[in-house]
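Asker: Given chain A, put chain B in place with the hints provided.
Quick note, the sequences are listed as chains A and B, same order.
Note that this note's numbering numbers the first sequence so that position 70 is 70, with each residue one more than the last.
To convert, take the position in the second sequence, counting from 1, and add 1000; that gives this note's numbering.
Be a bit skeptical, because a hint or two may be false.
[What the hints assert, rightly or not] Chain B is faced by these chain A residues, among others (derived, beta-carbon under 7 Å): (1) Asn307; (2) His370; (3) Gln414.
Keep in mind that the hints were calculated from the coordinates and are not lab data.
Think of the CB as a built atom: it goes at the ideal place given N, C-alpha and C, for glycine as much as any other residue.
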Amino acid sequence: MDAILEKLTNPGFDLEKVRSDFAYLELEGPIIYLDNAATTQRPNQVIDRMSDFYRFENGNPLRGAHRLGAAATEAMVNSRARVAKFINSKSVREIIFTRNASEALNLVTYTWALDNLKPGDQILITRMEHHSNFVNWQFAAQKTGAELSFIELTSDYQLDMADYKSKISERTKVVAFSAASNVLGTMPDTREIIKIAKQHGALTVVDAAQLVPHIKVDVQDLDCDFLAFSGHKMLAPLGIGVLYGKAEILNKISPFQYGGEMIEYVEDQSSTYAEIPYKFEAGTQDVGGMVGLATAIDYLEDVGLTNIAEYEAALADYCVAELEQLPDLEIYHPRQGVKGPAIAFNVMGAHPHDVATILDYHGVAIRAGHHCTQPLHRYLGQNSTNRVSFAFYNTKQEIDLFIEALHDVRDIMQLG
Amino acid sequence: MDLRQIYSQIIMENSRSNRHRYEMPDATATERGYNPSCGDDIHLSIKIEDDVITDASFTGTGCAISQASTSLLCGLIKGKPVTEAKELIKTFLGMIKGEITDDSILEEELEDAVAFKNISTMPQRVRCAVLAWRTLDLIIAKETGTEMTE
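Next up, chain A with everything else stripped away, as it sits in the complex:
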């Protein structure tokens, strides 16, 4: 606990300065925002950069010869390069902009999966997937006749690697998994999962929506085939996301959506398609979102991904330790290994929606529900849970106020 408290007191970055960059903290009746796994807040730098784009660089990218069109194109190119550098992709052509991680994962489903899967094949996902990496694979299984199988969890809410090894075979054509659970905080050994998948010749798809905001990701080091994440969970605006894909695979698969700028030549009855990544980016793209994402990445790297990971881990560990002191509370979060700053819990005798309403009254914003993970909740034996999730702009004091508000839940719900 001493090391945790030391980290919370001395985070290794200027926490006060960081907090001054987030306007929501200036709201009257302060908000303790502990719903960062749903979406983070945005610092002024991101909002200002987007504002500047729309004021001074606004044209339709990749079209027209005029100065503003060129400025928008340049903003797009620079943003893509920024993302490529951030996750260390071999080429900028491997970065496809999408609306969010869900759309990125749908892209893989509608292109690679529908083109390649057939009856007898196996799709392997995990028990803790978000619906965005679950329902799409159900759809692929139903369309192609492939079988959908699940890697189960251990009693410590870790991914059961023994179960994984027992289920993977030469029939497994794709292993698609969350690198960080949005509910439990579980962070499985992504490199090991990918290594084993490769040994069996399976494609690897990483849902990194809850990983990229917290831990430095290097796609070449991971050697994954696809990796998806959302901008809005890492300080960028709602509506911009990324699919990383290996160029050799992207070159082979079909386009996702059809229309403007994804083509080369359009004849009456057939067309040829643009080179990657443009082949996958039909229609006018959200360059405002792209510059926001690039600026968010600048911000995260200025604070330092290592600083962020260590400080957020201390916040989560401190919060778990405090929650453990409370009576009649169940915590759904691994106690061992690497984990992200999301913690699910239930107050026995109080429905999560009531808990969230009472906490909201105290200015504490948490999530209540199934968090888009109904199969995981069936496994947990809970209809719904509460979830707190941290970002690096949260503080120990905010956790203390959250815990204090939880005492009022017992009072109002007459739990004694």
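Answerer: Same frame as chain A, now just chain B:
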């Protein structure tokens, strides 16, 4: 507004009450009411004899608001003609929308269910409060071949 105006004694007691919580094998109609975002999930059963609701019960899980509202609804409609139950739904939904505010009317018609009046100030909890009423509305619409309440 004080939270205890929402989590009032009436609502807390009814959220835990088992008086109307039972299966009804000889029900005239049973419908499921479900809020996918928060997981409130009820099955509402009613028995209709000669256009009168002679029994009403429910099973299921959910937050205190949804469970109390369902329990109070069952108690209120038991013994009432279907046409009167339909009017009660209109009054309850009108109260939640803030369209009917006259306390004397609300108290006379809705009795203890008037305890949900303050929910109109908490839009994110409205769906919990109206779940059972919308479910009953669906049952009545199906049974009588009439339109659902707006």
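Asker: Does each hint hold? Answer for all of them.
Answerer: Structure-based check of all given hints:
1. Asn307: Where the cut-off is 7 Å and the nearest Cβ of chain B is about 35 Å from Asn307/A, the hint is violated.
2. His370: holds (6 Å)
3. Gln414: Cβ of Gln414/A sits 6 Å from chain B, so the hint holds.
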